[in-house]
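S.K.: Just so you know, the sequences run in chain order A and B. Position one of the first sequence corresponds to residue 344 (this note's numbering), numbered consecutively onward. Position one of the second sequence corresponds to residue 10 (this note's numbering), numbered consecutively onward.
Hints listed in this document are in silico derivations from the structure and should not be mistaken for laboratory results. This structure is a prediction, so every number in the text was calculated from the model and none was measured. It is possible that part of the hints are untrue.
[Stated by the list, open to error] As a list, the in silico SDA-like pairs of lysine to any residue whose alpha-carbon atoms are at most 25 Å apart: (1) B:Lys-350 with B:Arg-162; (2) B:Lys-187 with A:Thr-382; (3) B:Lys-170 with B:Ala-231; (4) B:Lys-350 with B:Ser-251; (5) B:Lys-64 with A:Arg-407; (6) B:Lys-170 with A:Gly-381; (7) B:Lys-187 with A:Gly-381.
[What the hints assert, rightly or not] Not the full set, but computed from the structure, chain A residues with beta-carbon under 10 Å of chain B: (8) Asp-355; (9) Arg-361; (10) His-363; (11) Gln-365; (12) Val-368; (13) Arg-369; (14) Pro-370; (15) Phe-373; (16) Leu-376; (17) Tyr-378; (18) Phe-380; (19) Gly-381; (20) Leu-385; (21) Lys-389; (22) Gly-414.
[As the list claims (entries may be wrong)] Just the calculated beta-carbon pair ranges, DEER-fashion: (23) A:Arg-384 with B:Arg-162: 15 to 25 Å; (24) A:Arg-404 with B:Thr-60: 20 to 30 Å; (25) A:Pro-391 with B:Asp-250: 29 to 39 Å; (26) B:Thr-318 with A:Pro-391: 47 to 57 Å; (27) A:Asp-357 with B:Thr-115: 18 to 28 Å; (28) A:Pro-370 with B:Gln-312: 33 to 43 Å; (29) A:Arg-439 with B:Trp-92: 43 to 53 Å.
The beta-carbon is built from N, C-alpha and C at its ideal position, and this holds for glycine as well.
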Amino acid sequence: MSTEAGGVVGFDFDSGWRLHPQVSVRPERFGALLYHFGTRRLSFVKTPMLLRVVQLLDTQRSARTACVAAGVEVAQLPAYRRALATLAASSMICERAA
Amino acid sequence: MTATVGPLIEEFALGLDAPICLTWELTYACNLACVHCLSSSGRRDPRELSTAECKAVIDELERMQVFYVNIGGGEPTVRADFWELLDYATEHHVGVKFSTNGVKITPEVAARLAASDYVDVQISLDGATEEVNDAVRGSGSYDTALRAMRNLRDVGFGQFKISVVMTRHNVGQLDEFKAIADSFGAQLRITRLRPSGRGADVWDELHPTADQQRELYDWLLAHGEDVLTGDSFFHLAGYGDSLPGLNLCGAGRVVCLIDPVGDVYACPFAIHDQVLAGNVRAPGGFASVWRDSELFTDLRRPQSGGACTSCSAFDACRGGCMAAKFFTGLPLDGPDPECVKGHGAAALAAVDAAAAPRPSLDHSHRGRPVPVTIGRRPDRACDENPLAGLQLS
Numbered sequence: 344m345s346t347e348a349g350g351v352v353g354f355d356f357d358s359g360w361r362l363h364p365q366v367s368v369r370p371e372r373f374g375a376l377l378y379h380f381g382t383r384r385l386s387f388v389k390t391p392m393l394l395r396v397v398q399l400l401d402t403q404r405s406a407r408t409a410c411v412a413a414g415v416e417v418a419q420l421p422a423y424r425r426a427l428a429t430l431a432a433s434s435m436i437c438e439r440a441a
Numbered sequence: 010m011t012a013t014v015g016p017l018i019e020e021f022a023l024g025l026d027a028p029i030c031l032t033w034e035l036t037y038a039c040n041l042a043c044v045h046c047l048s049s050s051g052r053r054d055p056r057e058l059s060t061a062e063c064k065a066v067i068d069e070l071e072r073m074q075v076f077y078v079n080i081g082g083g084e085p086t087v088r089a090d091f092w093e094l095l096d097y098a099t100e101h102h103v104g105v106k107f108s109t110n111g112v113k114i115t116p117e118v119a120a121r122l123a124a125s126d127y128v129d130v131q132i133s134l135d136g137a138t139e140e141v142n143d144a145v146r147g148s149g150s151y152d153t154a155l156r157a158m159r160n161l162r163d164v165g166f167g168q169f170k171i172s173v174v175m176t177r178h179n180v181g182q183l184d185e186f187k188a189i190a191d192s193f194g195a196q197l198r199i200t201r202l203r204p205s206g207r208g209a210d211v212w213d214e215l216h217p218t219a220d221q222q223r224e225l226y227d228w229l230l231a232h233g234e235d236v237l238t239g240d241s242f243f244h245l246a247g248y249g250d251s252l253p254g255l256n257l258c259g260a261g262r263v264v265c266l267i268d269p270v271g272d273v274y275a276c277p278f279a280i281h282d283q284v285l286a287g288n289v290r291a292p293g294g295f296a297s298v299w300r301d302s303e304l305f306t307d308l309r310r311p312q313s314g315g316a317c318t319s320c321s322a323f324d325a326c327r328g329g330c331m332a333a334k335f336f337t338g339l340p341l342d343g344p345d346p347e348c349v350k351g352h353g354a355a356a357l358a359a360v361d362a363a364a365a366p367r368p369s370l371d372h373s374h375r376g377r378p379v380p381v382t383i384g385r386r387p388d389r390a391c392d393e394n395p396l397a398g399l400q401l402s
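This is chain B alone, in the form it adopts within the complex (with noise of 0.2 Å):
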């Protein structure tokens, strides 16, 4: 009951009768922009589910007992009717994690959050500061996700998450992030950069630089146990030590994504034709896309390591994310663009990035031009892999 995890990652490889948690995105409608958004978000889209098909889907989430929810988007809370579905979910013993910029976060708002125990809440904040956060997100998108986190912190709603991606332009901020976390009583959780979405067009310049990998390595190694990651960050497990979570992708084993229009993808990080398994409007629904879809069976055969089986680190960081190979281009079963070893460097260059494969649905604000100096949506929910925080018994 304790120890030997081997045979337990073996069992979530070949993947469960339910996701442990899933990323619901219900909307593309985002009053930001930033500029590494996921799902290229900015503009609703007309075919998105309506409440009633939103709660059907959270009636098969309760009778598959997903025990929560991720909600991202877009900006969750500019749907009309998100309040409502965060009751109807919680009323059906689905939890809620919503990650949110801020902008609905009212005292009122957040008094209402605080009385729930089956919600959580994630503030997007991508600089410890307002520059270099507001580059990306942004202008004005600092002061609202701290005054969200002021009003959370005065009623007294307890540990919520302070969500930041890692940027060349935040690592260094790492303990700046942490003293902000501590200060408003919250749980800081950093994730990783992917190419995906808006993300591909800026990942060259945004990702953190290999020096910059092995900082926010140590840091972690230092600070892992109070900080969160998602589990986002195995592919660093090359470097040694591993770091908590189980360095498994999850992707269409144990999570996956529902997008705005129903569509149901393999991996919270890749809106993309080639990852879509099915959609929740279909005949069987939800249930019947994780259990059945041809592409997800497929994830759960034994997978190869290709050209990674023969490194030392394989065992360590299974090849790393799939999203970020398949957005920047290589192969799934090559190594990580960011690749500790240095892999990934020399495949990148071995490739041609305009080939590589663009984000199927793009939401983007129109005739907002992308700004020089960045500046666009938030990270989404599920970069929280289910199996971070595991505990054996």
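Isolated chain A (complex conformation) (with noise of 0.2 Å):
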């Protein structure tokens, strides 16, 4: 259910990450669903610019210039951030190997 902020703890923003090879992304008016086929959960992505940052942080090398690239102000990367840690926390990404 809604996991709030919390997960931010071991989410490290400078690593880089990648959209979990068993995730499947479906793009909406409100931004994209996401539904994972290993743990059948359905998560939600709530803004189109979440959206592209996500699509982006395959070809970032971290999920800070992800979120740069896609175009989040400065003010709104913590909020990112918790956002990228809710999806990690649930393995919606995951981190790409260094």
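Both chains come to you apart, so use the hints to assemble them.
M.R.: Put into structure tokens, the structure is as follows:
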């Protein structure tokens, strides 16, 4: 259920991240739906901006640079960090091997 | 990105371009004859979709990015092409959860199922004891289900589901069901008895009493995180604390039903002409029914809460379940028949039960008398509201 902010602890914003290979992304008006075929959990991405960030993860050096590349303003970085931490906590995204 | 569920619920209420998941009943054929069968299954319908037609539907679902289908029936595994369709769906990125009474889950089949990441299995069991189960599902059905569970466990399938329809006779067995699930490394899933299909005939005698509803609610509050409910008890949210899930009727908005002959209904629990939106065989196929049918368009308009609007619990339960109201003859904008505030009981007393809509189709076995002590088919698949277990990111 709602995992609110928690989970920032242990989430490395400066590591490289990627969408989990078992996760399917469906863009929607509000952002996107994510479905993880391994855990059989559904999540949603609440803004189109966060979807852009997720889509850029694999091409960027770190989650932080993915946010910047997507156009996230500096003041919004903590909120996006929390959102990504939540996705990481439910294995929707995973750390890339260094 | 966190919080503010409200606007998203509104998004869902207005409908999505494609369902998140849908229930697909592959056949009306069933080896059992459960007394509460939602789809009045038993005999195959000669108009059922062919293998090629089923594959065409799967192709469409892939294009629409439907994540998974909940396959049921009838007993879906009695279709000779069931395993072929299962493979076809998963090869085309459409995950499958299927509901079965276990009749075809041999050790060989279990091993095959365990090899796929994209298949989930739900074994129906409506009593923690043979006596309670077989009274509803028929003689021998308890043993069949348990054998299937052993086979799945023995091949290391992982966490399959044990799916229970809650009745007056098994609410008291919740702890025992949980123990059975735990002993198999399975997950317990409990859903609501609906007065749909043959369920309409037994609803009065089988639906949980008011006291049992409270017992069920308290049990869910205590065990909610471990137990799936398909979000099917949202009418109980009127007691106060909301249960996990988004408490939204997704009919025609985020879920729907495709029946064995390709008819598309708004609600997985209501096979009736009044909620029939179209057929997948028509030009434009399923996508056109989903996106353009008059019925679905209408369901996606803001709904009136009718008589319930003034109730303090309305925001929690939103008037309850459409199918439960429909098949008990209650107005759709009034209280749920099992309204925890008691408004349903009062409303029921005021309607003529004989005038309640009857299911439009009946594929029950002929000549097999309905046992006096209850006995018929499995609950079907998409009791699972796709929003259950939703995470906010």
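S.K.: Each of the hints needs a verdict: does it hold here or not?
M.R.: Tested hints:
no., hint, result
1, B:Lys-350 with B:Arg-162, "violated, 42 Å"
2, B:Lys-187 with A:Thr-382, "holds, 20 Å"
3, B:Lys-170 with B:Ala-231, "holds, 19 Å"
4, B:Lys-350 with B:Ser-251, "holds, 15 Å"
5, B:Lys-64 with A:Arg-407, "violated, 43 Å"
6, B:Lys-170 with A:Gly-381, "holds, 15 Å"
7, B:Lys-187 with A:Gly-381, "holds, 23 Å"
8, Asp-355, "violated, 18 Å"
9, Arg-361, "violated, 16 Å"
10, His-363, "violated, 12 Å"
11, Gln-365, "holds, 7 Å"
12, Val-368, "holds, 9 Å"
13, Arg-369, "holds, 4 Å"
14, Pro-370, "holds, 9 Å"
15, Phe-373, "holds, 5 Å"
16, Leu-376, "holds, 6 Å"
17, Tyr-378, "holds, 4 Å"
18, Phe-380, "holds, 6 Å"
19, Gly-381, "holds, 6 Å"
20, Leu-385, "holds, 5 Å"
21, Lys-389, "holds, 5 Å"
22, Gly-414, "violated, 15 Å"
23, A:Arg-384 with B:Arg-162: 15 to 25 Å, "holds, 23 Å"
24, A:Arg-404 with B:Thr-60: 20 to 30 Å, "violated, 49 Å"
25, A:Pro-391 with B:Asp-250: 29 to 39 Å, "holds, 34 Å"
26, B:Thr-318 with A:Pro-391: 47 to 57 Å, "violated, 34 Å"
27, A:Asp-357 with B:Thr-115: 18 to 28 Å, "violated, 51 Å"
28, A:Pro-370 with B:Gln-312: 33 to 43 Å, "violated, 26 Å"
29, A:Arg-439 with B:Trp-92: 43 to 53 Å, "violated, 37 Å"
Consistency note: the structure conflicts with the earlier hints numbered 1, 5, 8, 9, 10, 22, 24, 26, 27, 28, 29.
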